[in-house]
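J.: Each chain, letter by letter, is given below.
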Amino acid sequence: MAKGPPFISFCRSKSIGPERNTVKKILIIDDEPDIIKIIKFRLVKMGYEVTTAADGKEGLESVRLTKPDLVLLDFRMPFLNGDEVCKEIKKDESTKHIPVMLMTASTQDALEENTIKMGVDDYILKPFDPEELINKIRKLIE
Amino acid sequence: MGIGILVLLGRKLDFTFLKNISPDAVSLNPATALCFILSGVSIFFFNRTQASRWGIALAGAGALIAFFKLIEYILGWHAGIDLGLFRENLLTDQMAPNTVLNFFLIGSALVVLDLPTHRWYHLSEFLLLVVVLTSSFAAMGYIYDVSSITRTAPFYIAMSLNTSLTFLLLCLAAFCSRPQHGLIRILSGEGLGSVTIRRLLPVSIFLPVILSVLSLQGQKAGLYGTELGVAIYTLCVTIIFALVIWFNAQLLNHMDLKRKWAEEKTQEAARVKSEFTSMVSHELRTPLTVIKESVSIVYDGVAGAINADQKDFLETAKRNVDRLGRLINGVLDYQKLESQHVEFKMVEQDINKVIAETGQSFELPLKSKGLELRLQLKPDLPHLKFDTDKIIQVLINLTNNAMKFTEKGTITLASEMIGSNAVKVSVSDQGMGIKKEDLGKLFQSFSQISTGTGRQTGGTGLGLAISKKIIENHKGQMQVDSVYGQGSTFYFILPIKEHRA
Chain G
526 MAKGPPFISF CRSKSIGPER NTVKKILIID DEPDIIKIIK FRLVKMGYEV
576 TTAADGKEGL ESVRLTKPDL VLLDFRMPFL NGDEVCKEIK KDESTKHIPV
626 MLMTASTQDA LEENTIKMGV DDYILKPFDP EELINKIRKL IE
Chain C
-2 MGIGILVLLG RKLDFTFLKN ISPDAVSLNP ATALCFILSG VSIFFFNRTQ
48 ASRWGIALAG AGALIAFFKL IEYILGWHAG IDLGLFRENL LTDQMAPNTV
98 LNFFLIGSAL VVLDLPTHRW YHLSEFLLLV VVLTSSFAAM GYIYDVSSIT
148 RTAPFYIAMS LNTSLTFLLL CLAAFCSRPQ HGLIRILSGE GLGSVTIRRL
198 LPVSIFLPVI LSVLSLQGQK AGLYGTELGV AIYTLCVTII FALVIWFNAQ
248 LLNHMDLKRK WAEEKTQEAA RVKSEFTSMV SHELRTPLTV IKESVSIVYD
298 GVAGAINADQ KDFLETAKRN VDRLGRLING VLDYQKLESQ HVEFKMVEQD
348 INKVIAETGQ SFELPLKSKG LELRLQLKPD LPHLKFDTDK IIQVLINLTN
398 NAMKFTEKGT ITLASEMIGS NAVKVSVSDQ GMGIKKEDLG KLFQSFSQIS
448 TGTGRQTGGT GLGLAISKKI IENHKGQMQV DSVYGQGSTF YFILPIKEHR
498 A
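Residue numbers (the working numbering), protein chains in the order written: chain G, 526 to 667; chain C, -2 to 498.
This is chain C alone, in the form it adopts within the complex:
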C-alpha cells in the first residue's frame, strides 16, 4: 500500500527536481512525468479499493497517451503531445520509445488487473514483467555505462535513469497492490517457501549487480585484467550464494523442527482429548444406568404403587435420562468420527431399499403426529457403496428432525440421480424452515438454532454434525435448502463408484 504513495511522491519529486537537476543525463520528459503521475495515482486508487473506476480511468488515460506516442513513433510523425502540453522549449526532449512502450504496457496491465478471470490477471502480470525487463535493461545500461543499451536504436532518445528506476518502483507497486494474487502471493505468504524467497530474492537480484559493478570498476582502474576480474567476480558470487543458502537451510531446518514439534503437540492434544472424552462418557454411563433403572423400577410399580402425579414426574425424569444417554452417545460418536477411529463397513447396495426401510420405521410415529410420509424414489438407481448402519443413522436423524420441526403436512424422502455419477438423497419437510443467517450454523456441533419453541425439541445438538461427518466419510456432501416459513430440505449426495476390474 505504502509503496504506491511512495512512488507517487517520488514521481512528483522527479517532476519538479530531477527534470532540471540532471541536465547532462537524458532528462525526464514532461509527458513522461504526466504518465507517471497517471499511473501512480491509478495504482494509488487500486490500492484503496477493488477495481476502482478512477484507477482504471487513469490507467486507461496513461495507456492512451502512450498508445498515441507509440503510433507517432511507428508512423514517424510528430504530433507533439508532450510539447503541446508544456509550453517549454524541449528540442530533443522526446519520450524514448521503450518508455512509451512501457507506459502502454503498464496502463494496459492496470486496466486488466481486476478483470474477474485469472487469465486476465496473468496477462497483467506478464505485461508488468515485460516492463520490469525493459526498464531493468535500461537501468543496467546506466549502471554499466553502456550507452547502446539505453537507446533502443542510436538515433533515438534514451530512457533516462530516473525513468527506468521509477518504472521499476511502479511495477513493484502494481504487483504489491494485489498481494493475495499471482506471483506476489508467494512473496507475501506465511509459508516456508515465502520465507525462503524473501531471504534469497533480494540477494540474487542485488548481489550480482553490485559485485559486477565493483569488479568492472576494478578492471577499469587497471587493478587486474578481464580474466582475473571475472574469476574474482565468480568466486565472490559463489561464496556469498553458498553462505546465504547455507544460512537459509539452517533456518529452514529450524522452522521444520518447530513445525514437527507443534504437530506432535497437536496430535498428543487430540489423543488426550479423545481419551478423556471416551473415559468421561464411560464413567457417565454407569451412574446413568443406575438412575434410569431406579426410576424405572419405581415408575413400573415394581417397588409399590405410585399415584398419577408421581408417575408424571418419574416420566419426566426418565425422558431426561434418556436424553442424557443420547447426548453421551452423540458426543462419543462425534468424537470418534472426528478422530477417524470409526471403520466403515462399505457394502455395495441399493440405497432406495434403505430409504424405504427408514421411511417405514417412521410411519407410526408420523401418523400419531398427524403427518404424512411420502417416498419419491427414483427407480433403478445404480448401486452405491455405503455403510448401511451409518446411512440409516443419517436418514433417521434427518427424518427425526423433519418430524420435530413440522406441525402439519408431508415429509418426503426422495432419491434422484445427479449427473451420471452421484445420487442425491433428500428429506424434505413443510415445517417452519430455517432463517438464512442460521443455515451456516446448522452443521456445527452443539448449535441448536432458536426454534421459537425454546429447547423443547429434545435434540442433542450433535445429530447434524455427526450426519455430516458420516457423509463426508463416504466422500459425499451434505447440504440444506430452506425457505423460512415454508420448510427445509436436507440432502446428501453420494458418489457412485465404478467397479470394473
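The shape of chain G in the complex, shown without the other chains:
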C-alpha cells in the first residue's frame, strides 16, 4: 500500500513521455448513477479507464488521490456543487493541470458566465450527443 503514490507518479511520468498509448483515466463526478452508467459504458468500450464519484466531496478526494487525465463534472450535486469542486481542483497546485469538463442541464447563457468564473476547460449541455461528448473528451485528453 505504501507503494501507491510512487506507482501513480511513475505511471504519470510515463504518460508524459513519448509513449502516448497509455490508458487514460477519466473521473466522472455525478450524483445520477444512470448518467455515470451510460457515460462509463461508452468510455470503457473506447478503452479509457473510468473511475466514478457520486458527489462533489467524494469526487474531489478522488481527484487528489488518483490524479485522473480528465474530470467530467456535473454541476448540481449534493455537498459540493460542480463549480466549487472545479475551483478546488484549479486551486491545488498538484491538480490544476487536470482538464475539467462540466456537464450540465443548465442553459447556454448561464453556463458561459459560469464557465469563465469557474475556470472549467470545456462544458457540455445535457442532453448531449454521444459524438459531441466523445469529440470534446478527445480534444481535452489527447
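If a hint is listed, it holds; no wrong ones were tucked in.
DSS-like mimics (lysine-lysine), calculated; alpha carbons at most 25 angstroms apart, straight line: (1) LYS315/C / LYS565/G; (2) LYS562/G / LYS549/G; (3) LYS315/C / LYS661/G; (4) LYS315/C / LYS570/G.
Think of the hints as simulated: they come from the structure by calculation, not from any bench. Keep in mind it's a predicted model, so treat the numbers as computed, not measured.
For this one, chain G is given, so just place chain C on it according to the hints.
T.: Frame of chain G, contents of chain C only:
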C-alpha cells in the same frame, strides 16, 4: 343608450303637455318641438348603429330647419315655418334665437359626429358644448329668476325652461351615444380617473347651483344680508368640497393599495411560474440524457450487434428524444424571453454577412431535399446593432420552417432597406402557404396550424413565438405575408440606430 329613448319620451311629453300646461312661462313652440323630435329620433338612430343614414338625415333636417329660422332672424323676415306647420294661433310663440342656434348646432354636431377623422369628432363635441353652455345659461336664468339672461335681447322671445333642460338632456344623450370617444370616454372608463370624475363631477355641477339658490332664497326672505349670504355660501361650498375630496382621496388610496397588492401578486405568480418552468426543464433533462445515451449506445452497436428493424426503431426513439430536447430548450428560451431574463449582446455589424452565413449552413440540407437557395442581399447596407446568436437563431428558425413546408422550388433569403432607418430581412418559400385565418395564430406559442400532413413536421410550436420575442427585443417587428398555395414570406424589420456622439 337608454338616455336617447328617455329624451325621446320626455320630448314627446313636452310636445303634448308642457306646451299647454305652462302658459305663463314662455311655452314650447311647435317648431321647437318638431326639432326636438328630429334630434331625439336622430340620436336614437345614432345609438343603434354606427353612422346610421336615418340619423344623419334627421339631424340634417333639424339643422336645416334651424338654419332657415336663423336666416329669418338675421334678415328680420318672417317666413312662418313654425306657424305654417301648425294651424294654431301662436301670436308671440316664436322660436327664441338661442334655441334656433342650438338646434342648428346640435343638428350639425350630429351630422359630423361619425365622420371618420378625429377632427370632426372634436368639432362635434365643441358644437355640443356650445349648446350645453347656452342652454345652461338659459336654465340658470330661470333658476335665479333673472329674465334678462333668458332673452338674448329684451325684445326677443326667451328660450323656455323646458327647452333648455331638454337641450341639456339632448346633449347628454348625444355625448353618451359614443361612450368610447372623446370627452365622454373618461367618464365611462374603468380607470381611477374615471371613478374620480364620476364622483366629483355631479357634486361640482349641482352643489353650487343648489347652494346658491338656497342662499339667494334666504337673502330674499330677509334672513341675512348679501355679504353674510355670500359668506355662508362660500363656507358651505368649501366645507362640502373639502369633504368630498377627502372621501375621494380615501377611495383612491384604497384602490391604489388594492392595485399594488394585485401587482405584487402578479409578479409573484410570474416568478413562481418562471422558477417552476426552469426547474421542470432541468429535471427533465437528466432522464432525457440517460434515455438518449442509452438508446445511442445500443444503436451504435457498442453494446452488441442489432438487426435492421431494431435499428430502425431505435432511430425513431432517438429522433423523438431529440425533439423532446428541443422542446424543453424552446420552453426555457421562451420563458426567459418572456420574463426578460435574457441579456442581448448587441454588436454593430453587417446583417448581410449573418444572412449569408446562415444561408450557407443550409446549402447541404436544402440540396438533399432538392430545393434551391437564393440570396438577394442589398449591398452596402448600413450596419445594424444586434445580437448575432439571437438573430442567427431567428434566421435558422425561419429557414427551417421554409424548408419544412416546401416540397420543391426556391427558398430566398433577402435583405432590403425600408425607408431610411430600417432594414427588412425576409425568408420566402414556395411552399403550401398559410390560410388567412391561420395567419394570426402563427406567432402564438404552441400553435401549429394544420398543415395537411399532420404533425409530421416535428416542430416544437415555439419557434416563431421565440423568434418574434427576439425581434421585439431588438425593437423590431416580425411579420408574415402569405398566399395560400403559393408560398409564404416571413420577415423582420430592424431599426437602424444612429450612433453619432
